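Protein chains: 2
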Amino acid sequence: MFRHVVLLKWTEDATEEQRAEVARRLGGLPDVIPELRSYQIGPDAGVNQGNFSFGVVADFDSPEDYVVYRDHPAHRAVIDECITPILAARAAVQYVL
Amino acid sequence: MFRHVVLLKWTEDATEEQRAEVARRLGGLPDVIPELRSYQIGPDAGVNQGNFSFGVVADFDSPEDYVVYRDHPAHRAVIDECITPILAARAAVQYVL
Numbered sequence: 001m002f003r004h005v006v007l008l009k010w011t012e013d014a015t016e017e018q019r020a021e022v023a024r025r026l027g028g029l030p031d032v033i034p035e036l037r038s039y040q041i042g043p044d045a046g047v048n049q050g051n052f053s054f055g056v057v058a059d060f061d062s063p064e065d066y067v068v069y070r071d072h073p074a075h076r077a078v079i080d081e082c083i084t085p086i087l088a089a090r091a092a093v094q095y096v097l
Numbered sequence: 001m002f003r004h005v006v007l008l009k010w011t012e013d014a015t016e017e018q019r020a021e022v023a024r025r026l027g028g029l030p031d032v033i034p035e036l037r038s039y040q041i042g043p044d045a046g047v048n049q050g051n052f053s054f055g056v057v058a059d060f061d062s063p064e065d066y067v068v069y070r071d072h073p074a075h076r077a078v079i080d081e082c083i084t085p086i087l088a089a090r091a092a093v094q095y096v097l
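Taken in sequence, the protein lines are chains E and X.
Residue numbers for the first sequence follow full-length UniProt numbering, so the first one is 1 and each next one is one higher.
Residue numbers for the second sequence follow full-length UniProt numbering, so the first one is 1 and each next one is one higher.
The hints are simulated quantities; they were obtained by calculation from the structure and are not laboratory data.
Quick caveat: nothing in here was measured; it's all calculated off a predicted structure.
So the derived label-pair ranges between C-beta atoms look like this:
(1) X/P73 - E/P85: 40 to 46 Å
(2) E/T84 - X/V68: 35 to 41 Å
(3) X/E21 - E/D31: 39 to 45 Å
All residues carry an ideal CB built from backbone N, CA and C; glycine is no exception.
Could you build all of it, start to finish, from the sequences and the hints given here?
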């Protein structure tokens, strides 16, 4: 298995509606990108100070399937329309499970 | 379930030995911290430019169990002895699964 992890930090002026829309739109991706074997996303729980705002952990059969997801038009649309407008910082890693 | 995700970026002068030691030491934590239900770690696979260096995804039964891990002396020892000396950047999120 091949795992993609990305953590996103929202801008201070990001609204609750904008944050919720990211979760809603990303949550629809497994229905249109069958390469996604597991997709677990969620907003930071607020346990620690200084955290990023939102986490995505996505598992694939192979690096090639991850690239299909990365470049899929439905995914790029969520990035362009919902994520980029409120993005303050981003950190990502892909690793072999 | 409650998930802890942390992404770490190493300094440019971090040696291969130092990077491997982080993975080796973290990999021993499930043996001494039974609250860890799942612990999947690994170095970035190099698919994308600009990534962080290392990923950790840890699952717990509860936020309280995550805090046990966070503050456990064996975990703090790995942070102090292996991670902090080569740490350039860190991003973390905890979220409910």
